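As a plain string of letters, each chain reads:
Number of protein chains: 4
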Amino acid sequence: MTLSDRYNSVRKHTEHLCSPLKTEDFVPQPVNFVSPPKWHLAHTTWFFEQFILKEHLPDYTPFDKDFSFLFNSYYNFVGKRVFRADRGNITRPGVQEVFEYRAYVDMHMHILLQLKSEELKELIELGLNHEQQHQELLLTDIKYILGNNPIFPIYDENIEWENQKNAESGFVKIEEGIYEIGFEEEGFSFDNEHGRHKVYLHDFEISKSLVTNSDYLGFINSGGYQDFSYWLDEGWSWVTENKIEAPLYWHKIDGEWHSYTLKGLEKIDADAILTHISFYEASAYAAWKKMRLPTEFEWEIAADKLDWGKRWEWTNSAYLPYPNFKKPEGAIGEYNGKFMINQMVLRGSSCATSPHHSRKSYRNFFHADERWQFNGIRLAK
Amino acid sequence: MTLSDRYNSVRKHTEHLCSPLKTEDFVPQPVNFVSPPKWHLAHTTWFFEQFILKEHLPDYTPFDKDFSFLFNSYYNFVGKRVFRADRGNITRPGVQEVFEYRAYVDMHMHILLQLKSEELKELIELGLNHEQQHQELLLTDIKYILGNNPIFPIYDENIEWENQKNAESGFVKIEEGIYEIGFEEEGFSFDNEHGRHKVYLHDFEISKSLVTNSDYLGFINSGGYQDFSYWLDEGWSWVTENKIEAPLYWHKIDGEWHSYTLKGLEKIDADAILTHISFYEASAYAAWKKMRLPTEFEWEIAADKLDWGKRWEWTNSAYLPYPNFKKPEGAIGEYNGKFMINQMVLRGSSCATSPHHSRKSYRNFFHADERWQFNGIRLAK
Amino acid sequence: MTLSDRYNSVRKHTEHLCSPLKTEDFVPQPVNFVSPPKWHLAHTTWFFEQFILKEHLPDYTPFDKDFSFLFNSYYNFVGKRVFRADRGNITRPGVQEVFEYRAYVDMHMHILLQLKSEELKELIELGLNHEQQHQELLLTDIKYILGNNPIFPIYDENIEWENQKNAESGFVKIEEGIYEIGFEEEGFSFDNEHGRHKVYLHDFEISKSLVTNSDYLGFINSGGYQDFSYWLDEGWSWVTENKIEAPLYWHKIDGEWHSYTLKGLEKIDADAILTHISFYEASAYAAWKKMRLPTEFEWEIAADKLDWGKRWEWTNSAYLPYPNFKKPEGAIGEYNGKFMINQMVLRGSSCATSPHHSRKSYRNFFHADERWQFNGIRLAK
Amino acid sequence: MTLSDRYNSVRKHTEHLCSPLKTEDFVPQPVNFVSPPKWHLAHTTWFFEQFILKEHLPDYTPFDKDFSFLFNSYYNFVGKRVFRADRGNITRPGVQEVFEYRAYVDMHMHILLQLKSEELKELIELGLNHEQQHQELLLTDIKYILGNNPIFPIYDENIEWENQKNAESGFVKIEEGIYEIGFEEEGFSFDNEHGRHKVYLHDFEISKSLVTNSDYLGFINSGGYQDFSYWLDEGWSWVTENKIEAPLYWHKIDGEWHSYTLKGLEKIDADAILTHISFYEASAYAAWKKMRLPTEFEWEIAADKLDWGKRWEWTNSAYLPYPNFKKPEGAIGEYNGKFMINQMVLRGSSCATSPHHSRKSYRNFFHADERWQFNGIRLAK
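In order, the protein sequence lines correspond to chains A, B, C and D.
All residue numbers for the first sequence refer to my numbering, where the first residue is 1 and numbers rise by one.
All residue numbers for the second sequence refer to my numbering, where the first residue is 1 and numbers rise by one.
All residue numbers for the third sequence refer to my numbering, where the first residue is 1 and numbers rise by one.
All residue numbers for the fourth sequence refer to my numbering, where the first residue is 1 and numbers rise by one.
Be aware that one or more of the hints could be misleading.
No copy labels: a pair is met if it fits in one copy or bridges any two.
[Unchecked claim] Calculated pairs, EDC-like style, for lysine to aspartate or glutamate (alpha carbon to alpha carbon, straight line, at most 20 Å): (1) K198 to E176; (2) K289 to E334; (3) K198 to E175; (4) K289 to E329.
Hints were generated in silico from the structure; no laboratory data involved.
All figures in this text were calculated on a predicted structure; none of them were measured in a lab.
Please work from the sequences and hints to get the whole structure.
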């Protein structure tokens with residue numbers, strides 16, 4: 001696949017994900033951590049305009065001078081930005097104009113790809129990987145917007161992948177010793193996967209399967225949400241202050257657990273893999289099972305023997321720099337490094353991850369209370 | 001005009017006010033006190049369905065069973081409602097469906113109007129006056145949504161009425177004595193204007209004109225926002241905590257004051273009547289002028305000698321029941337009485353008030369810090 | 001009684017009220033609206049130093065230069081002040097030093113009283129009335145501090161006055177007509193009781209007795225706290241957000257209602273007069289009884305026929321200026337006028353009011369949710 | 001030293017630290033993370049009563065049945081506790097009673113020490129180490145209480161240890177390889193230092209000295225607090241929201257930097273070791289110097305070659321369990337494990353650490369924004 005084809009394919013996929021939406025669905029930002037779909041469409045485009053076209057396409061005229069201000073996310077280097085929490089109140093530019101913005105940037109990117117495909121390969125790949133990250137966020141944000149509507153609208157009634165099952169069972173044993181961690185293959189990677197380095201691991205066992213809804217119902221039904229002894233202290237505060245008693249999107253209706261999926265509200269599928277739980281819940285579940293979560297290093301070393309790719313898997317590793325991590329210069333340097341505090345690493349990828357956007361050295365990260373991603377639990381001991 | 005014609009006229013006017021909007025503009029709720037335009041369209045319709053069609057049209061089938069839940073505003077009698085602050089995150093039903101809801105209810109209302117026009121006259125009038133109230137809120141909410149967009153979109157470039165001027169000047173003197181207050185004429189009125197009763201007024205003078213932008217710039221330029229001695233204690237906290245230094249929608253650009261109007265961002269028109277100020281600002285301005293605001297009773301008695309109808313005029317009266325005020329039974333009783341605490345009365349009407357929706361006994365009310373209505377200042381002494 | 005004797009008597013009474021306290025009790029400020037006893041002792045003294053000694057006693061040396069900053073309450077004219085919410089964290093100066101401050105100022109006040117008793121009579125009277133107001137706040141703040149201690153310490157086991165009973169019953173009828181309102185007698189009064197003016201009252205009846213605990217238990221037991229229809233809208237939010245289900249200091253222990261009084265925790269005395277309720281509760285109770293609260297004007301006109309002085313009585317009047325109210329110049333002008341927004345008037349006085357500190361024109365005022373004063377309910381119809 | 005002597009020595013030291021305090025100083029809790037000195041005195045005593053005397057001394061009668069409720073800190077196993085934020089409002093029991101409580105428990109502990117010194121050695125050591133931890137908190141909480149008083153009271157004018165200097169300079173080089181981490185020596189240790197395990201470290205260099213005030217003034221003066229590029233994203237939010245521009249307790253007076261120390265307010269000593277900075281500030285300073293903070297493992301391996309014990313040193317390691325960490329059963333298990341989320345490890349000890357309470361495997365931990373401990377910065381590269 002040429003870079004140009006790949007560019008087309010990624011950009012089209014974003015728009016494809018939006019095809020079931022009504023214009024109104026593109027607008028709201030129900031909570032700080034969710035962004036409006038319209039914003040994702042524009043922001044991924046802004047990335048190409050800001051970092052590639054403005055820099056590298058001679059005589060490029062930006063589509064609209066206000067867009068740089070409106071669709072910057074968190075790049076302080078690029079100037080003042082709309083506060084994240086206000087994104088949902090900006091109705092203009094409208095959805096139609098944002099699609100025009102995409103078309104305009106795509107057209108110019110194709111000109112550029114003719115001219116400088118090789119020279120800019122790396123930067124364009126970063127833009128495409130950035131867009132792929134936003135594709136997953138787009139899906140999870142759409143789910144959040146629709147799933148918090150009291151009438152539970154259906155996104156796509158044919159989606160089957162939310163209720164994936166385990167293909168394996170049992171535990172893998174790994175021997176004590178020195179192992180190598182971090183990106184080594186060819187192809188794209190983010191700065192936070194570098195540099196490759198050694199770690200010492202002690203003997204451990206890690207489950208080949210993920211925790212299922214049925215497993216987790218065991219925890220709920222045994223009073224897991226009411227017993228502080230399983231919980232981290234901040235987790236227990238989170239449970240009591242927010243009156244949490246089940247995963248996100250779960251609703252008890254007439255005594256029976258249901259959950260909202262992109263297919264609408266349906267009864268819990270007991271065999272399906274659990275999803276939408278916080279790190280606190282993952283940690284409490286593991287304590288209840290008298291096991292623990294793996295570290296990100298254990299996960300990476302065992303990855304080849306595991307059935308993964310269905311849920312982002314909470315690890316018990318904090319998101320911190322690898323030895324010899326180097327923050328790139330300028331705005332691109334703000335991509336990862338500045339988030340390395342108070343977040344936990346998730347490994348693997350999920351049913352909502354874009355095609356060709358996963359690898360075993362990938363480090364995803366979220367705050368311990370965030371549940372709206374398709375995350376899950378794998379146990380270790 | 002028949003009731004049926006009046007019904008048509010009021011209902012069409014609501015839709016007319018929305019004609020300059022894009023679909024996206026119908027969705028957001030940027031702050032708690034602003035509602036999405038879509039919600040206004042649906043809620044005014046819900047009022048007819050809930051209180052009239054369901055009760056009085058035999059065999060009426062509601063348009064959608066969920067709408068009663070989604071579009072109730074604050075009528076506890078009618079059951080659980082969507083929290084006010086979540087209105088901006090409900091993308092479905094979409095704008096198109098809401099217009100269909102309006103058409104469906106209108107069609108059934110016309111059937112009902114054939115059958116029971118006389119019998120239900122009063123209730124239908126209440127529904128129409130309710131919708132007229134929402135028409136003004138619709139305009140002020142649209143202004144808030146567009147006016148808080150950093151690109152300041154234009155609603156209608158032909159609107160001239162925001163920059164109205166005074167037609168009179170000087171003061172009216174009223175003699176001490178017993179006066180009668182409250183609704184007495186024929187026609188529609190709200191419960192809070194009843195019952196008519198006597199008050200004793202002392203000699204007072206009241207301005208025939210409203211405070212202008214130019215007058216108010218005098219207050220700003222003399223340091224009015226920096227001098228606590230003009231302010232009520234809560235007003236001073238409001239100014240300092242929110243860093244207030246001008247009316248809502250005012251922006252100082254390159255040393256010159258501009259304001260956002262429905263025509264877009266423009267330079268302040270010095271002769272135009274001031275608007276978008278809080279009660280705190282009105283009170284501080286009056287103190288600076290060594291005058292005061294009138295009471296609502298003074299205002300009503302002087303009304304026939306005044307030039308009014310351009311701004312809702314803050315009075316120094318708290319919103320409280322008249323002697324012999326009677327709260328109606330049931331849900332309709334929640335219309336006014338339950339808000340009679342911690343709000344101030346505004347009298348008159350504004351440039352944004354719907355046609356045929358003003359009278360001198362009308363009691364509008366807002367919290368002392370609310371500025372997004374077209375309100376203004378009339379002085380007394 | 002000479003002014004000098006009166007000065008002594010008022011000042012000693014403040015210290016007498018503190019005699020049951022331990023040093024530790026003088027320190028905390030558990031909520032914003034409560035001040036530490038130490039602060040009351042110092043602030044009332046500061047008033048004499050700041051407004052009288054510094055101005056009128058030649059060569060007066062302030063006790064400590066920092067005290068003006070530490071013990072100002074809300075007089076912006078006098079300069080920067082310690083934020084109200086931080087008062088509870090200032091441990092130095094200690095209680096002993098504050099008593100020394102009192103002694104120092106008293107000594108100098110006695111010198112001044114020799115010299116200028118006549119000339120400064122009015123200002124000194126204001127200082128003494130100010131201290132008397134703080135005596136009541138001191139008692140209610142002490143009650144709050146001890147009453148929120150889980151071990152419920154006793155302030156004074158011989159206090160009987162909290163459980164006062166009604167001495168009268170039935171209703172007084174007042175005829176429609178013009179009446180005069182406001183201070184007219186000789187003696188001290190606050191600016192907010194002036195100027196005397198006419199009001200027109202319609203026929204009304206007002207209860208000679210106050211609502212008792214037994215009456216109010218009727219409201220509680222009939223589900224009054226669970227039925228929105230009795231409540232103002234903001235009152236209902238207050239009830240649901242704060243999970244209110246009884247007056248302040250009431251605790252249900254083994255199925256039986258107790259309340260904390262200055263004598264400790266004891267069973268509710270059914271015949272005693274109800275106290276520690278918010279305006280919201282007073283208003284809801286009146287609605288449940290199908291009556292209403294009197295206005296402050298009705299109260300004042302009926303006062304001579306009533307049994308009052310046991311509880312501060314919530315009226316349905318907002319705290320607003322009388323016609324011709326004049327704010328005094330300078331810092332003294334901040335005493336009352338700047339609070340005339342979003343507060344309700346209470347009339348009468350309470351069992352905790354200082355001797356010789358009540359009159360029928362007295363206007364007390366609190367926010368609608370404040371309950372820690374000894375307030376109560378008198379019904380009208 | 002016998003266990004009995006050691007018990008005496010530790011217990012006396014706590015009381016010695018309180019000797020400069022006035023009774024009033026024992027009461028307040030100015031912010032959530034600070035506890036009243038009175039509370040520390042009681043809580044450390046409660047630990048011995050609750051976990052040792054009640055369990056192991058036959059026929060022991062608790063001093064006061066309410067104390068178990070009042071002075072529990074965070075042990076959910078032991079039942080309901082006073083909310084941490086309310087500790088500052090509990091005036092009774094008073095300071096005198098708390099000292100009596102200490103004497104009562106000490107007396108019974110001495111009886112127990114006669115009987116079961118050997119058997120309970122480990123538990124008593126835990127109690128003593130617990131009290132030593134609170135001794136440091138007591139000092140830092142006292143500093144916070146006095147340091148936030150606008151008159152800056154002096155705790156002890158003879159304290160010299162806050163302005164300690166570095167004794168060494170230059171960097172230590174450590175070679176790549178496998179190292180062992182965790183407690184191994186004889187003597188007391190906390191559960192979080194176990195179990196000893198291997199880690200792989202890459203080549204690194206670590207400074208023998210800590211950052212000084214003079215060094216840090218370089219960062220301040222070069223605009224470090226105004227340049228986002230040095231900061232973690234959450235750190236930058238923290239700086240801008242809280243308007244941070246210097247370490248805690250620093251005040252710029254007439255253009256010159258001062259800081260509050262336990263000796264009072266004094267000019268910054270340029271050569272003294274910097275203290276009272278957040279992890280965010282430590283991390284930003286390191287970025288400005290183009291270096292980094294060490295990990296806790298690097299620190300432990302290099303410790304023997306370093307000059308440490310003057311400041312708690314922020315590491316770039318999150319507080320997480322070691323491999324094979326085992327949470328003890330019951331209440332004691334709540335000591336450490338449940339805090340292993342969203343906190344950063346500090347290594348070493350400080351000028352305020354109690355004698356005989358430091359070792360190189362000790363893991364202290366605080367949130368990234370906490371500054372009131374005597375912490376500091378050591379750089380690595």
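To see whether the hints hold, each was checked on the structure:
no. : hint         : verdict
1   : K198 to E176 : both (13 Å within a copy, 10 Å between copies)
2   : K289 to E334 : between (39 Å within a copy, 18 Å between copies)
3   : K198 to E175 : both (15 Å within a copy, 14 Å between copies)
4   : K289 to E329 : between (45 Å within a copy, 15 Å between copies)
The structure fails none of the hints (numbered hints given earlier).
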